[in-house]
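> Residues per chain, in single letters:
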Amino acid sequence: MSILRLCAWLESTQVAAAIRESTWLFPTIETIHVLSIVLVVGSIAMFDLRLLDLASRDRSVTEVYDDVMPWTRASFVCAVIAGGLLFTSSATKYYNNVPFRLKMTALLLAGINTAYFEFWTRRGIAAWNRAASTPRAAKLAGGISLVLWIVVVACGRWIGFTK
Amino acid sequence: MLWIIPAVQTVHILSVSIVMASMAMLDLRLMGLVGKRQPVSRMVDRFVPWVWRVLLILVATGAILVIGEPERELLNWAFRTKMAMVATVSLITLLVQNRNQRDAAFWENHRIAAATVGAVSLLLWVAIVTAGRWIAYV
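As they're listed, the protein sequences go chains B and L. At position 158 of the first sequence (counting the first as 1) the number is 158 in the working numbering, and the numbers step up by one without a gap. At position 81 of the second sequence (counting the first as 1) the number is 81 in the working numbering, and the numbers step up by one without a gap.
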């Protein structure tokens, strides 16, 4: 089954129709999506700024990670569920939407950046957890993450201004 | 220029992210739910200065959006409610900061007051974001 046909099927489900036809369902789910995203972006920015040595320098990297990441993960799950429901309501339209595709690409890249950090960079964390300066790989991970999340928010807002 | 409003809105939302995440951490700490490794006074000193600085960006970008589409905002009850809530939560945050400056142990020693202030502030911030999104729909 092609992706477009999958989108057409999603759009034909009762859930999609309910979101499309209701006056309050779409804005309500969208509000949950926005609340989740601001928490994802705000919390991940705290950790990214720590990786870049720009904030919380008096705290170890793992301390900031442990404080922040559970919130980032939980908010991200909420954002994906709410976003998925919004997508379903007009799946074929979003599938063909340029800012939507850019947003998904940025999300994918953010995922790859996170995976690389988790599986490679973070392995040696004991050596620089409390060091005066984080290594270049950590700074790079933080910087890339910040930029990609800004792109995600910008594209998300842009979707609302396209047909 | 078609791109100005979405661009300014993007900066506005990114700024909301910083304020919302900072205030959520502080409010949950005041409620005694997270981050007990750090004293409340430390978290007030860490987060509140960011909130004030970013609030300036929020006011500036918000003002541009109001000037761009005055009828959409000023005649809108969601917008008016949002502004009233922003004023209220700013006063609450000032109070939190003020008590903390006078006595660093104040909020640790007044647990119930701290929990109440934290809960009210958190609810207000959630309501502010909600009202902000609903400006487009009411």
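Misleading hints may appear alongside valid ones.
Said to hold, decoys possible - A few chain L residues that face chain B, going by a derived Cβ cut-off under 8 angstroms, partial list only:
#, residue
1, PRO6
2, SER22
3, PRO70
4, GLN97
5, ASN100
6, ALA104
7, VAL126
8, VAL129
9, THR130
10, ARG133
11, TYR137
Said to hold, decoys possible - Pulled a few chain B residues facing chain L out of the computed Cβ check, cut under 7 angstroms:
#, residue
12, PRO27
13, ILE29
14, SER43
Simulated from the structure, these hints should not be mistaken for laboratory data. Note that beta-carbon positions come from the ideal geometry of N, C-alpha and C, so glycine has one too.
> Hint by hint, say whether it matches the structure.
Here is what the structure says about each hint:
Checking PRO6 of chain L against chain B by beta carbon gives a least distance of about 5 angstroms; that is within 8 angstroms, so the hint holds. For SER22 of chain L, the interface hint holds, since its Cβ comes within 8 angstroms of a Cβ in chain B; the closest pair sits about 7 angstroms apart. Look at PRO70 of chain L: its Cβ only gets to about 19 angstroms from chain B, farther than 8 angstroms, so that hint breaks. Hint status for GLN97 of chain L: violated, given a least beta-carbon distance of 19 angstroms to chain B, over 8 angstroms.
The interface hint given for ASN100 of chain L is broken, as the beta carbon of that residue sits about 18 angstroms from the closest beta carbon of chain B, more than 8 angstroms. The interface hint given for ALA104 of chain L is violated, since its Cβ lies 16 angstroms from the closest Cβ of chain B, which is over the 8 angstroms cut-off. Checking VAL126 of chain L against chain B by beta carbon gives a least distance of about 6 angstroms; that is within 8 angstroms, so the hint holds. Given the 8 angstroms rule on beta carbons, the hint for VAL129 of chain L holds: about 5 angstroms separates it from the nearest Cβ of chain B.
Nearest Cβ of chain B to the Cβ of THR130 of chain L: about 5 angstroms, under the 8 angstroms cut. The hint holds. With a least beta-carbon distance of about 5 angstroms to chain B, the hint placing ARG133 of chain L at the interface is held under the 8 angstroms criterion. Given hint, TYR137 of chain L at the interface with chain B, holds; its Cβ is 5 angstroms from that chain's nearest Cβ, closer than 8 angstroms. Taking 7 angstroms as the C-beta contact cut-off toward chain L, the hint placing PRO27 of chain B at the interface holds, the least distance being around 5 angstroms.
For ILE29 of chain B, the shortest C-beta to C-beta distance to chain L is roughly 10 angstroms, which exceeds 7 angstroms, and the interface hint is violated. Because the beta carbon of SER43 of chain B sits about 5 angstroms from the nearest beta carbon in chain L, less than 7 angstroms, this interface hint is met.
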